[in-house]
Amino acid sequence: MANTPQSKKRARQNEKRYAVNKARRSRIRTFLRKVEEAIASGDQTAAAEALKACQPELMRGVTKGVMHKNTASRKMSRLASRVKSLA
Numbered sequence: 001m002a003n004t005p006q007s008k009k010r011a012r013q014n015e016k017r018y019a020v021n022k023a024r025r026s027r028i029r030t031f032l033r034k035v036e037e038a039i040a041s042g043d044q045t046a047a048a049e050a051l052k053a054c055q056p057e058l059m060r061g062v063t064k065g066v067m068h069k070n071t072a073s074r075k076m077s078r079l080a081s082r083v084k085s086l087a
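Per this note's numbering, residue 1 is the first one in the sequence shown, and the count goes up by one each step.
Among the hints, erroneous ones may be present.
As the list claims (entries may be wrong) - With a straight-line Cα cutoff of 25 Å, these simulated BS3-like cross-link-like pairs (lysine-lysine) come out: (1) 8 <-> 64; (2) 69 <-> 16; (3) 22 <-> 52; (4) 69 <-> 34; (5) 34 <-> 84; (6) 22 <-> 8; (7) 52 <-> 34; (8) 84 <-> 22; (9) 52 <-> 64; (10) 52 <-> 84; (11) 22 <-> 75; (12) 22 <-> 64; (13) 9 <-> 34; (14) 69 <-> 84; (15) 84 <-> 64; (16) 22 <-> 34; (17) 52 <-> 75; (18) 9 <-> 64; (19) 75 <-> 34; (20) 64 <-> 75; (21) 64 <-> 16.
Since the hints were made in silico from the structure, they are not lab data. Model, not experiment: these values are computed from the prediction.
Could you put the whole structure together from the sequences, leaning on the hints where they help?
In structure tokens:
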């Protein structure tokens, strides 16, 4: 358990950061799920629109430190190739 004032403050900051990061991660997953559902439905235009909305959200997760850059790039690349294959 935190004893010093500094460690108590760090614990408070970590809780806040955890909540923010959790919300960001959840938001990213929602956008990813929308793309997955559009791909599953077979509608290329809807999938392309969902992917277009998803890309900035993924990169925002990278800049905020929620996700590694290569992970986001890999997800975007794989989704883009799946959307393209619907044509």
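Structure-based check of each hint:
1. Restraint check: the Cα-Cα separation between residue 8 and residue 64 comes to about 24 Å, which is no more than 25 Å; the hinted pair holds.
2. Proximity of residue 69 to residue 16 is assessed by CA-CA distance (about 23 Å); at most 25 Å being required, the pair is judged to hold.
3. For the hint pairing residue 22 with residue 52, the CA-to-CA distance comes to about 23 Å; that is within 25 Å, so the pair holds.
4. The hinted pair formed by residue 69 and residue 34 meets the criterion: a straight-line CA distance of about 21 Å does not exceed 25 Å.
5. With a C-alpha separation of about 16 Å, the suggested pairing of residue 34 with residue 84 holds against the 25 Å cut-off.
6. Pair hint residue 22 plus residue 8 holds up; C-alpha atoms about 21 Å apart against a cutoff of 25 Å.
7. At most 25 Å may separate the alpha-carbon atoms for a hinted pair to count; residue 52 and residue 34 meet this at roughly 11 Å.
8. Restraint check for residue 84 and residue 22: the C-alpha separation of about 31 Å exceeds 25 Å, so the hint is violated.
9. Between residue 52 and residue 64 the alpha-carbon distance is near 19 Å, which keeps this suggested pair within the 25 Å criterion.
10. A hinted pair counts as satisfied when its Cα atoms are at most 25 Å apart, and residue 52 with residue 84 qualifies at roughly 13 Å.
11. At most 25 Å may separate the alpha-carbon atoms for a hinted pair to count; residue 22 and residue 75 meet this at roughly 19 Å.
12. For the hint pairing residue 22 with residue 64, the CA-to-CA distance comes to about 12 Å; that is within 25 Å, so the pair holds.
13. Between residue 9 and residue 34 the CA atoms are separated by roughly 38 Å; this puts the pair beyond 25 Å, and the hint is violated.
14. Among the hinted pairs, residue 69 with residue 84 is consistent with the structure: their alpha-carbon atoms are about 22 Å apart, no more than 25 Å.
15. A threshold of 25 Å between alpha carbons decides the hint, and for residue 84 with residue 64 the separation of about 29 Å lies outside it, so the pair is violated.
16. A distance of roughly 18 Å separates the Cα atoms of residue 22 and residue 34; the hinted pair therefore holds under the 25 Å criterion.
17. Straight-line distance between C-alpha atoms of residue 52 and residue 75 comes to about 13 Å, which keeps the hinted pair within the 25 Å bound.
18. A C-alpha spacing of about 21 Å is found between residue 9 and residue 64, which places the hinted pair at or below 25 Å, so the restraint holds.
19. Between residue 75 and residue 34 the CA atoms are separated by roughly 14 Å; this keeps the pair inside 25 Å, and the hint holds.
20. For the given pair, residue 64 sits about 17 Å from residue 75 by alpha-carbon distance, which is consistent with the 25 Å threshold.
21. For a cut-off of 25 Å, the pair hint linking residue 64 to residue 16 stands: about 14 Å separates their Cα positions.
In terms of the numbered hints stated before, the structure departs from hints 8, 13, 15, listed from lowest to highest.
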